[in-house]
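4 protein chains.
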Amino acid sequence: MPKVGMEDIRKGQVIEAAINAIVSKGLSNLSMKDIAAHAGVSTGIIYHYYESKEDLLMQVLKASFRQSHEKVMETVEPIEPSLEKLLKHLENINLVPKDNPEYMAVFLNYLGEANHNPKIRDMINKLFKNLTNYIGQYLGDVSTDGQPLKNLPIMIIALGFGLGIMWTLNDQLYDINEMDQSLKKLITNYLADKNGGKSE
Amino acid sequence: MPKVGMEDIRKGQVIEAAINAIVSKGLSNLSMKDIAAHAGVSTGIIYHYYESKEDLLMQVLKASFRQSHEKVMETVEPIEPSLEKLLKHLENINLVPKDNPEYMAVFLNYLGEANHNPKIRDMINKLFKNLTNYIGQYLGDVSTDGQPLKNLPIMIIALGFGLGIMWTLNDQLYDINEMDQSLKKLITNYLADKNGGKSE
Amino acid sequence: MPKVGMEDIRKGQVIEAAINAIVSKGLSNLSMKDIAAHAGVSTGIIYHYYESKEDLLMQVLKASFRQSHEKVMETVEPIEPSLEKLLKHLENINLVPKDNPEYMAVFLNYLGEANHNPKIRDMINKLFKNLTNYIGQYLGDVSTDGQPLKNLPIMIIALGFGLGIMWTLNDQLYDINEMDQSLKKLITNYLADKNGGKSE
Amino acid sequence: MPKVGMEDIRKGQVIEAAINAIVSKGLSNLSMKDIAAHAGVSTGIIYHYYESKEDLLMQVLKASFRQSHEKVMETVEPIEPSLEKLLKHLENINLVPKDNPEYMAVFLNYLGEANHNPKIRDMINKLFKNLTNYIGQYLGDVSTDGQPLKNLPIMIIALGFGLGIMWTLNDQLYDINEMDQSLKKLITNYLADKNGGKSE
DNA sequence: CATGAATGAGCGTTCATTCAT
DNA sequence: TATGAATGAACGCTCATTCAT
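Residue numbers (the numbering used here), protein chains in the order written: chain A, 1 to 200; chain B, 1 to 200; chain C, 1 to 200; chain D, 1 to 200.
Derived from the structure by calculation, the hints contain no laboratory data. Careful, some of the hints might be misleading.
No copy is singled out in the list; a pair is fine if it fits within one copy or between any two copies.
[What the hints assert, rightly or not] Here are the simulated DSS-like pairs of lysine-lysine, each with C-alpha atoms no more than 27 Å apart in a straight line: (1) Lys88 to Lys126; (2) Lys85 to Lys184; (3) Lys98 to Lys126; (4) Lys88 to Lys25.
Start from the sequences and build out the full structure, keeping to the hints where you can.
Structure follows, in C-alpha cells:
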C-alpha cells in the first residue's frame, strides 16, 4: 500500500472539485477559476499539483473510471464463468446512473471530446474493452459455442451505457427495477437459444 | 409547403458548415470564425441569420436530428406492426454510425452539453422518445401482452446508441454485418419467449 | 514600389507604439497592454496584425534597424573607396545617439535578449556585419596592404556602438563635436601608418 | 576588515546563483525559483537575505562590477603613467569577453534596463567613469598636452565594450590575438601624433 | 533559520459580438 | 446584404511575495 501524503490528499481534493465543477457547469464551459472555487483554493495552487488544465482533466477521467470500476466490480468478485454472477453484474451496471450520477455526468462530458482528442478516445476505448472482457469472463467457455456470443459482451456493455445515458438525461424514462427484470430476460433468452444464432 | 427563399438557403449553408466544423474541430473548440471559414462567408453575416452562437448551435442540433431521423425512417414507412419491419429498422439503426458518421459526431458533441443545458437535454430526450415510439409501433399490440415489452423499445434504442457510440470511437470493435445478426437474434429470442419475462 | 494599404499603415502605427513603449518602459517590463495603450487601440487588435508578441517584437527590431540604417547611409551614397566619405560616415555614426535616441534605446533593450534568443542574436550579428562591410568598402583596396586593416572596420563599428551606448546612458560624458574630431584623428593616424601595423 | 559571518557567505552564494541563472536564462526570463534552484535553497530564504527581487538584482550588478573590476586591475597595479602599462591594460580589456563571459552576459542583460531604471543607469555610468579614469591615470601628464587626449580614455573604454559586446554575440568575428595587435597600433599611433590633434 | 504551499495580480492570447463601411 | 476591423471580457498560466510550520 503506497503512503498517502498531504500532497496526495490535496490532489484528490482538486480532482473531486473538478468533478463537481464538471457536473454543475459542464466540461466545455469549465474554467480553472471554477475548479479553484469548487475546491476553495486559488487558481495558482492547482498548478502546483497538476501541470496544466489538460493534465488535470485527464487525471479526472482516470480517477472517475477507476472509482466507478471499483464500485461495479466490488460485489461480484472473483470473476468466473457463472450465469448467476453475470446477472448480478448486470444489476450493478443497471444501477450505475442512479448510484453514481456524477460518474455518468463526467463520462458524458468526455464523450464529446473523445472524437477529437486521441488520449481521451484511447482511454474510453480501453474502458469499453475492459468492461467487455469482464462480461466475457462471466460467460466463460460458453463463448466457444457459436459465433454470435462474440458480440454478446459488446451488446451488454452498449446496452448498459445506452441505458445509463438515457436515464441520466431523463430519470423518468424507465423504472430501474423493471428494467433489471427486462435486461435479465433479454440476456437469459439469448443464452438459452441452443441454435447459437446460426441463421438457418 | 413554406416558401424557401434565398435567406433559407443561406441559413442552411451555415448550418451545414457548422456541422462540418463540429466534425473536424469538436464543439468545445469551435469558434464563429471556424464556422464562417467552413461556410466561406464572413463572421458578421452569420449574425444576420442567427441571433447568437448559442442560437446557431441549437439549430444545428435540430437540423441534425431532423435529417438523421428522415434517413432512418425513409426505407421502412409506413409504420405498422410487423416483425419484419422491426428487423429492417434494426438494420438501419445498426448502420447509422457507418453511413452517417457526422450525425454520430454531432450527437456525441452535444451529449456532454445536455447535462447542464436544459434546452439540449430536452431535445435529446424528445429524440429518444420519438425513436422509442417508432419501435413501439412496429411492435404493435404485442406490447399489451406483458409488462417487460414496455422496456423493449427503450432497450433497442439504448442498444443502438450504445453500439453507435462504441463503433464511432473504435470502428474495429465489431463487424457490422455480424452485429446485425446478433442484434436480430437478441430481439427475436426476446419476443419469442411466450412467458413474457414473468420470472416464476 | 509596393502598394501601401490601410493594413500596412496600421501595422506601422503598432510598431511605432511598441518602440515608444520600449523607450519608456523597457523591453523586459513591456506588456501588450502597454503597447496597445501607446497605440490607442485595444489589445485584441494587435493580434489581427501580428501573430504574437514575439512576432511583433521581432518586427520592431527589424524596422528599427532598417530605419536607422537608411538614416546613416542616406548622406554618403554611393559607396566607394574614399577617405573623405569614410570620415563623413564616421560623423553620421557619431551622431546616431543624438539624432536617433529611440534607436539606441531599442538596440540596448534587445542586446540583453540577444544572449538567449538566437533569432535576435542573428539579427544583431547581421547588422554588425553589414555595418562592418560598409566601412570596408570605404577603405577599398587599401585593405590589401596589411593584416591589421582587417580589424579596422570592426574597431570602427565597435567604437561607434560603444560611444553610442555610453552617450545614451550619459549625454554629459563627452561633447559630440569634440568627439568627432578625436575619432577622425584616431582613424586618420591609423591609416597613415605606412608600416601597416607590422610590429618590428 | 569586516567580519564575514555565515550570513554573508549565504548572501554571496545567492548572488553567485543569480549570476549563473542570468547567464543561462537571461535577466528577463529569470524567476526567483530559478535563482533558488541554482543556489540549492528555497525561495523563501532568499527573502531573508534580500528585501526583494529588485534588491537582489541590484546587488548582483554591484557584485558583478566589483568582481570584474578587480580582475581587470589586479595585474597592472599600481597605477602610474606608463605607456607599457596602458598597453598591458588594453590587453586585459581585450580578453574580458573570453576570460569572463559571465561578466559580459550580466552586463548585456542589465544594459537594457539602464535606460529606464535610474539606479542601474547610475551604476553603469559610474563604472564607465571609473574605467575611464584608470585609463587617464595611465596616460598621466600627457593628457595636458592637448584637447583630443581628453577623449582618448573614453574612446578606449567604448572600444573595449563595443568589441566585447560584438565578440560575445559572435566569437568568430575576430581573432583575439590579432585584435590585440590592432588595438595597440591604433592607440600607439594616436599617441605618437605630436600635433596632438590640434586642428590647424 | 529554512521550507515550500498558497495567494492573487497580471501576463499573453482568444473570441463572441458589434458596427462603420 | 456583406465585410472584417475592432473591442474587451475572460481564459490558462506564471510568479513575486508571504507565512504557517
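The hints, checked one at a time:
1. Lys88 to Lys126: within (23 Å within a copy, 32 Å between copies)
2. Lys85 to Lys184: both (12 Å within a copy, 25 Å between copies)
3. Lys98 to Lys126: For Lys98 and Lys126, the Cα distance is within 27 Å both inside one copy (23 Å) and across copies (21 Å).
4. Lys88 to Lys25: Answer is neither; intra-copy 34 Å and inter-copy 40 Å both fail.
In summary, the one numbered hint that this structure violates is 4.
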